[in-house]
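Please assemble the complex out of the two chains, which come individually in their own frames, going by the hints.
Taken in sequence, the protein lines are chains E and G.
Throughout, the numbering used here is defined as the position within the first sequence, counted from one, plus 1201.
Throughout, the numbering used here is defined as the position within the second sequence, counted from one, plus 560.
Just so you know, the hints here were simulated from the structure itself, not pulled from any lab data.
Incorrect hints may have been included.
[As the list claims (entries may be wrong)] Straight-line Cα separation of at most 30 Å, DSSO-like style, residue types lysine-lysine; simulated pairs: (1) K753/G x K569/G; (2) K753/G x K1474/E; (3) K828/G x K1243/E; (4) K807/G x K1472/E.
Single-letter residue listing:
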Amino acid sequence: MSQTETTKDLVLDLENLNVRFETEDGICYAVNGLDMKIERGKAIGLVGETGAGKTTTALSLLRLVPDPPGVVECDKMVINGHDMLNISIKELEKIRGKDISMIFQDPMTALNPVFTVGDQIAESIMLHEGVSMADAQRKAIDMLELVGIPGERAGEYPHEFSGGMKQRVVIAIALACHPQLLIADEPTTALDVTIQAQVLDLMRNLRQQYQTSLIMITHDLGIVAEVCDDVAVMYGGNIVEEGTLEDVFNHTLHPYTEGLFNSLPNINDRKAKLTPIRGLMLDPMDMPPGCPFSPRCPYADEKCDEPQVKKYVSETHAIRCCAYERPGFHIDRKER
Amino acid sequence: MADNILEVKNLKKYFKTKRGVLQAVDDVSFTLERGKTLGLVGESGCGKSTTGRSILRLIEPTAGEIIFDGKEIHKLSKSQMRHVRKDMQLIFQDPYSSLDPRKTVSQLIAEPIIANKLMKTKSEVDLRVAELMSTVGLAPRLFNTYPHELDGGRRQRIGIARALAMRPQFIVCDEPVSALDVSIQAQILNLLKELQEQFELSYIFITHDLSVVNHFSDDIAVMYLGKIVEKAPSEELFANPLHPYTKALLSAIPIPELGEKRERIIIKGEITSPINMPDECRFYKRCSYACDRCKSIPPLEEVSPGHFVACSCLDSI
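So that you can see chain G by itself, here it is in the shape it has in the complex (with noise of 0.2 Å):
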């Protein structure tokens, strides 16, 4: 069998609002082998980031199993959780909010540290800081800077570094490279690479973007209103898309080149309310194929090995 690192089933989490319930992740399972990345895409309010926090139970979910390690997480106390939290930590979207202003980057990356109590003394602490700045690659004499000085690649090392600082196993990195110049964007996603490598890493990648998806992850999985429509090896996912919107999602991408202009779909309308929602395909209000077989959720099924879709029509299609 092999060695799944994560485990999550049936995750659910539905947030109470004043029209109604709002579905954000809906029935989501997955598995992530150790040392693999798992890519989640999909546009905004898809659910991509509330699965991600969920996962670490910086929200709680609504329910659902979450196995990490061969531990059943979801089962956990607040107290018990902080130990295995070592173990699985974040990397934030923006590094322009989310690091402490008044706090220079070595009592950024020691913070984590002090607050596990992982070392003792301040020369030990600060070892370790140096030793994780040039695994990222910020040079020494960046150790009594503040964030302010630093330019969005610099502080997204800044993040890397610590969330590295607990020596975790899984790591979500949530938009990682959005915020972030192009030229700066393939130092980090390579920075990434290398230690996803040297650590033995497991990722879950949550992007919208998704040249930079398919070039990062094993694994692809696509959202929509809460919900995994597709899910299949990268290279299956490029090459043989099954799902309407996971073409259209494709089709989409401009791509940098010259000559022969693709057959682009464009889905009609926008992504309609997730509060509420009817029991029918969450795509069925913008699919061009839909019928009235879409008008029940339709289940994630296995076409191909390692390939999973959530659609009624695909022999119309």
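The following block holds chain E by itself, in its conformation from the complex (with noise of 0.2 Å):
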């Protein structure tokens, strides 16, 4: 995530990622020129709301994205040392699960009905570790555990688990392998917030204990702070600002994440009126040639019409809009 990457340890090191899908109606422009690093151990926050491109970003690093409608282009992409770009489909099974896994965004749906979560569990164990069923069995039993399910239950199935505990079994199959990279997308979205608060607790001492890298899908800049060591806040496809926590908490830039604070309710003053971000979310369909955040932005002007390029204003801190350098330019962000 910095200028200086020579010498550091990458998990993960992306350029100039595209992601389009061509449909009957029209080109869907879905990521656009991403670049994203990310060094051994870290977790990065991936922020943004619906059809900013989070999810499809998280896919295409699985090489996932279905083909056709889409079509992926991008100049590097480095996985612990995998370059996944050519590579034959037998050499990403083992990759998959195994240096890259992912955590599904529901998890009703992310488990297969007719088999035990045990059974789920060791089959990827069986794939990646080359050992036997019964080995594999055994190993599924010990991730439960960890996660906080007690093993006797591996013979049964996800319908006779709740919504937390499905969540937690998809994240015993997610770090079955002990995966260098691990792709969270919207992990607790479809639990209450108690049982999120539960899992949260879960992924964070797990990823201590593994040491795992991470990367958290998430609308909820709440998780992005509990979690998360860098923040990367995407709209119409790419980041638009990205840094430390402190940087993008603190020191905002982009009036983009200006906006998506100013829009939270704030917990400590509740008198305070919401300010939205005007309009709606951008079409993909249909992208503005400048910055897509300009129809919306407050401070846009001529010169948010040409194509944004990335700005580092610090060693970790980034973003891509012209407006922050003209004079008088001034980030409101809300006291909370």
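This is the structure in structure tokens:
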């Protein structure tokens, strides 16, 4: 995540990712020139609203974007030393689940209803570690206990578990082979707050234990503040602001990040009026030529109609916005 | 005496299931002052939506009294209820499934007006629809579009316009912003607030999102397994939560701020089954303060003006 990356131990090195979906109604530009670098052991929060391209970015890392209609173009995609762009399907299958794995948003649909949870965890262990089914089953029971489910429940089917428990099973599957990079796509959105707190606590502990790098996809800035080291804010298929938690939360520079924060109800001051971002989410079928946020941006002028380049304002803090350099530019973050 | 638009006394809704009786709402009582908002908070399955719907008699309560605007509506017949229901409306959670996909925006908004025979001629109806659209901030050019062409925020505006069409005094908002993105959520919350001032509306605001309810409500009632466990003015509840469940719930909200890390209370286990519940405190099995006194159901008692708690062990917490 920094300019001087030469010697850093990167788990993910992604340059100029473009994903578009060619549909009958037109071309949908889902991800547009995204760069991302993650150091080993770090957790990055990928934040944005519906349609920002967060999940599409994650799916392209696993090479799971459906083709057709999806077209993925990328200059460089290296995950844990594997060049993901020039690789056979067979090798890819070895990497998925072992080097990189993903926790999907909805635990209710991510599990196979006709297999026991023990079998589903053991499947991934057997495939990747070349052990017998019996050994894999034993390890599956250990994994279940690790995520806080009694081992004797390994023989039960997903419908016998509650939502929070199912999400724990999904986490157990994702972590079964100790992946170097874990992508969690809104892992707690379908859960209640108290269960969410349990799951986040579990993820934090497991990450410390295994030194797993994490991409946490979420729309909740509160979760990012709790789990992540770095933040990348996405809008219109690209990262508009990125940096450490301190950079983005306390030295916000991008107008969209400003808008996101000001839209949130303030828990300490209930009288404060919310300041929504004006206008609607952008239509990825109809992208403006310049900054994707310019139609909704209170600071936009004619310079924003040109494509925005990424600029570093400090070692760690980068934005795609030309407005912050103008004299008199001032982000209006409400006191919280 | 306060001008109460709604008074609910000992409301119960039980469902008979194969495995036994499910006590979805169990002995819930509260009042709502005119022009105010009561937030109903709790996790999935705690009975908040069932409470909201029982008040409107969209599902028939098993027992209890509902006094709306001076009328004892639990005694009314179905046809009498139809008249009263003009004054009490519901905004649904999911703007994607609550609108008929084959009707245009104007037809959707006109539907309640025509069904209740409020206007006679088509031009009158159209005029009213246009007025409602401008009230909720829908552009006139959307008059003939279909819901699938619109985003979630605009669809929720249609739902709000439909609720407002009857000029109600009271609206139950059932998770009105849960399906929306944060920037759109703020637009809808501001709209609901403006409408409340403009039309003197009273709301019951059902949600699982505590930061939203704090922003929106005058009073908050926290529900757990069919019962209200704590009820207080919003500021008081957030500043001084007393029930162990409320404390855990408040501490579980992720706050988008850096710096002081709060002490987090993690509740063990999961919500217990609402079927054939034993006569003990509903939170007994998950509560870290549980003791022998909790083996009977604690009553909801006033501990300071306006602040009610149902917990037997307050002194030992």
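Restraint status (C-alpha distance of K753/G to K569/G at most 30 Å) = 27 Å, holds
ask   = Is K828/G close enough to K1243/E, meaning Cα to Cα at most 30 Å?
value = 28 Å, holds
task = Quickly compare the C-alpha distance for K807/G and K1472/E to 30 Å and report which way the hint goes.
result = 22 Å, holds
request  = With a cut-off of 30 Å on the C-alpha distance, tell me whether K753/G and K1474/E pass.
outcome  = 10 Å, holds
The earlier numbered hints are all upheld by this structure, with none contradicted.
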